[in-house]
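Heads up: the protein sequence lines correspond to chains A and B, in order. Per the numbering used here, the very first residue in the first sequence carries number 1; after that it's consecutive. Per the numbering used here, the very first residue in the second sequence carries number 1; after that it's consecutive.
A portion of the hints provided could be inaccurate.
As the list claims (entries may be wrong) - Pair by pair, the computed Cβ-Cβ distance ranges are:
hint: 1; chain 1: A; residue 1: M47; chain 2: B; residue 2: T268; range: 41 to 47 Å
hint: 2; chain 1: B; residue 1: P65; chain 2: A; residue 2: L84; range: 26 to 32 Å
hint: 3; chain 1: B; residue 1: T268; chain 2: A; residue 2: E26; range: 17 to 23 Å
hint: 4; chain 1: B; residue 1: Q418; chain 2: A; residue 2: Y72; range: 35 to 41 Å
hint: 5; chain 1: A; residue 1: P25; chain 2: B; residue 2: G227; range: 51 to 57 Å
hint: 6; chain 1: A; residue 1: N48; chain 2: B; residue 2: S2; range: 23 to 29 Å
Stated by the list, open to error - For the chain A half of the interface with chain B, some residues (derived, Cβ under 7 Å), not all of them:
hint: 7; residue: M35
hint: 8; residue: W36
hint: 9; residue: M47
hint: 10; residue: P70
hint: 11; residue: H74
Unchecked claim - Take a look, some chain B residues computed to stay more than 10 Å from chain A by CB distance:
hint: 12; residue: T45
hint: 13; residue: N63
hint: 14; residue: K115
hint: 15; residue: E169
hint: 16; residue: E174
hint: 17; residue: D229
hint: 18; residue: G254
hint: 19; residue: H271
hint: 20; residue: D275
hint: 21; residue: R316
hint: 22; residue: D361
hint: 23; residue: I390
hint: 24; residue: D396
hint: 25; residue: L408
hint: 26; residue: S428
These are calculated hints, taken from the structure and not from any lab test. Think of the CB as a built atom: it goes at the ideal place given N, C-alpha and C, for glycine as much as any other residue.
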Amino acid sequence: MIKKGTWVKIQDTILESGHRAPQLPEDTKKVPLIMWAKGFLQEDAEMNSVATVKTITGRLVKGQVMEVEPSYKHDFGDFVPELLQVGIMGRKALWGGEDHE
Amino acid sequence: MSKDFSYEAVMSRKPQIMKDSVGIDYATFEAEGIGFDYERMMKETGYTLAEMQEIQGQTGVGNTPLLEMKNLTQLARKFAPKGKGARIFIKDEASNPSGSFKARRAANAVYHAKKLGYKGVIAATSGNYGAAVASQAAMHGLKCIVVQECYDSRYVGQPEIIEKARKCEAYGAEVIQTSVGPELFYVFLKLLEETGYFNASLYTPFGIAGVETLGYEIAMQFREREGRDPDAVICTNAGGGNLTGTARGLIKAGAENTKIIAASVDLTGLHMASDEQFNRKSFTTGHTGFGMPFATNPDRSDVPRSAARSLRYMDRYVLVNQGEVFLMTELLAQMEGLERGPAGNTALAAAFSVAQDMNEDETILVQETEYTGAGKHINAQLTFARKNGIEIFFGDPRKEEKGKNIILPADLSLLQAQEVDMNKLRKSLIKNAASQAETITEEDIRYLMVETKASREFVEKQLENLGVNRQ
Numbered sequence: 001m002i003k004k005g006t007w008v009k010i011q012d013t014i015l016e017s018g019h020r021a022p023q024l025p026e027d028t029k030k031v032p033l034i035m036w037a038k039g040f041l042q043e044d045a046e047m048n049s050v051a052t053v054k055t056i057t058g059r060l061v062k063g064q065v066m067e068v069e070p071s072y073k074h075d076f077g078d079f080v081p082e083l084l085q086v087g088i089m090g091r092k093a094l095w096g097g098e099d100h101e
Numbered sequence: 001m002s003k004d005f006s007y008e009a010v011m012s013r014k015p016q017i018m019k020d021s022v023g024i025d026y027a028t029f030e031a032e033g034i035g036f037d038y039e040r041m042m043k044e045t046g047y048t049l050a051e052m053q054e055i056q057g058q059t060g061v062g063n064t065p066l067l068e069m070k071n072l073t074q075l076a077r078k079f080a081p082k083g084k085g086a087r088i089f090i091k092d093e094a095s096n097p098s099g100s101f102k103a104r105r106a107a108n109a110v111y112h113a114k115k116l117g118y119k120g121v122i123a124a125t126s127g128n129y130g131a132a133v134a135s136q137a138a139m140h141g142l143k144c145i146v147v148q149e150c151y152d153s154r155y156v157g158q159p160e161i162i163e164k165a166r167k168c169e170a171y172g173a174e175v176i177q178t179s180v181g182p183e184l185f186y187v188f189l190k191l192l193e194e195t196g197y198f199n200a201s202l203y204t205p206f207g208i209a210g211v212e213t214l215g216y217e218i219a220m221q222f223r224e225r226e227g228r229d230p231d232a233v234i235c236t237n238a239g240g241g242n243l244t245g246t247a248r249g250l251i252k253a254g255a256e257n258t259k260i261i262a263a264s265v266d267l268t269g270l271h272m273a274s275d276e277q278f279n280r281k282s283f284t285t286g287h288t289g290f291g292m293p294f295a296t297n298p299d300r301s302d303v304p305r306s307a308a309r310s311l312r313y314m315d316r317y318v319l320v321n322q323g324e325v326f327l328m329t330e331l332l333a334q335m336e337g338l339e340r341g342p343a344g345n346t347a348l349a350a351a352f353s354v355a356q357d358m359n360e361d362e363t364i365l366v367q368e369t370e371y372t373g374a375g376k377h378i379n380a381q382l383t384f385a386r387k388n389g390i391e392i393f394f395g396d397p398r399k400e401e402k403g404k405n406i407i408l409p410a411d412l413s414l415l416q417a418q419e420v421d422m423n424k425l426r427k428s429l430i431k432n433a434a435s436q437a438e439t440i441t442e443e444d445i446r447y448l449m450v451e452t453k454a455s456r457e458f459v460e461k462q463l464e465n466l467g468v469n470r471q
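Work out the full structure, taking the sequences as your base and the hints as a guide.
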């Protein structure tokens, strides 16, 4: 059980796949339009259950609980060998590579 | 009785929601035919340059450093004919409080919202503008909601947009995220109606006029440093506000001979509303997916009449590939000691190429940089591309297949900006505008001449080709 007052992320379907805007490409029409929001749980809830949260601006939003105390995981990525070559290329072109002191 | 918040009902209330949330009655600027009085709109709803400098100065926005890229200039000259290779400068807009020039747009919009008594501001943006509005709202003690298109239907988020969400939240804003689709606009309208907050649209007169200080500052700093105006100013172009505001500021400073060049990342062929292609592009802004449609149809924005009208000011439009911008971003760090975000470097990559056709005693100024960090960094973007099946290798960037590969120039001589046919853009704008009317009047023709920065002869010829009735 997730306690009332916990900071959670919720998701809600805004438009079902059959109700998407007409001008959309087919691949987008096939899927629903989803919205995600974060807020403090207004009642005890279970994961994946529908609950109301109070957002940081004080709005009440209803949706399916999908993450408890959500955090950011984005980073600087993996090693990209090509990038290492770019600096070598530029320095060599301007200053002549290894001879440059 | 409770209000109907269905898609159709909310969309049908759009004009009223807009009027209430922007505080501008756009109808008063409409002309009889297809046009409207752009200059009067800018004058009556905006602020004077001095007022804007004051407003921005109070929150530490503006007066960013102007730097000469001495090593990149020398490097470009290695690949230029003798006597060619203009000096390259940048305006380091990453030094603004929220890390990009967007702070200028947001400063005015949020100040205006506060002045009119709104309790909060809302912006629909996946980019730096959200962070800028959130930062300004924090300074003014207003509430802030940012709506952003972030994830595809598999809940895979574009790392750069996730980083923007983090930054907005860091400034105390509420971030509402959606999956791919233009119906984000419905979510946005619903929020405006529900909260009664100010629509801090990117395209209002306050927002665009906010960028005029950038153009003005460039002219003043450049004159102080070099004793003259830059020969060319190059702007990364998406919705057109950056270019429009900068050009207007330069004109206000009297720098009327400075050429205005637009630069975008070429993403031709990728559909902007495609769920499957959403994470196959490695740039979330500054690309042709926004640049082209907004240049040729500016009023497709989220306000009835956009204040960003880039074709009025643009002298040239050049395109670069994703691989060229990534390479230039890395070179900027490696050779100038400046680590900046990739999107702002679109114009820098183009400048590296354009400078090689200019004389050595000429100057070209790249008018923005943006912050970098987790998610936004080229290393993060290239890793993400690779995870989405995009191939990355050295080769000829001209052979880049959008959504399939990213080709880093194998040799710096292969970094070459491609020219866009300006007349094609002008024709397209005229076609879009003329499709709104049954007959075209003399007033419409004069409007289209200004809209496209073209001659009467050119405009009349296009209308004739379109078979439009003349009054």
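Going down the list of hints, with the structure as the test:
1. A/M47 / B/T268: 41 to 47 Å: holds, 43 Å
2. B/P65 / A/L84: 26 to 32 Å: holds, 29 Å
3. B/T268 / A/E26: 17 to 23 Å: holds, 20 Å
4. B/Q418 / A/Y72: 35 to 41 Å: Holds: the Cβ-Cβ distance is about 37 Å, inside 35 to 41 Å.
5. A/P25 / B/G227: 51 to 57 Å: holds, 53 Å
6. A/N48 / B/S2: 23 to 29 Å: holds, 28 Å
7. M35: holds, 5 Å
8. W36: At about 4 Å, which falls below the 7 Å cut-off, the nearest Cβ of chain B leaves the hint on A/W36 intact, so it holds.
9. M47: violated, 15 Å
10. P70: Not OK, violated: A/P70 not within 7 Å of chain B, min 10 Å.
11. H74: With a minimum Cβ separation of about 4 Å from chain B (threshold 7 Å), the hint on A/H74 holds.
12. T45: B/T45 is indeed farther than 10 Å from all Cβ atoms of chain A, at 26 Å.
13. N63: holds, 30 Å
14. K115: holds, 20 Å
15. E169: violated, 8 Å
16. E174: The claim is violated: B/E174 sits with its nearest Cβ about 5 Å from chain A, within 10 Å.
17. D229: holds, 28 Å
18. G254: holds, 36 Å
19. H271: Nearest chain A Cβ is 5 Å from B/H271, so the label is violated.
20. D275: Contrary to the label, B/D275 does not stay out of reach of chain A, its closest Cβ about 4 Å off (not over 10 Å).
21. R316: At roughly 26 Å from the nearest Cβ of chain A, B/R316 sits farther out than 10 Å, so the non-interface label holds.
22. D361: Answer for B/D361: holds, closest chain A Cβ roughly 21 Å.
23. I390: holds, 12 Å
24. D396: holds, 15 Å
25. L408: violated, 6 Å
26. S428: holds, 18 Å
The structure fails hints 9, 10, 15, 16, 19, 20 and 25 (numbered hints given earlier, in ascending order).
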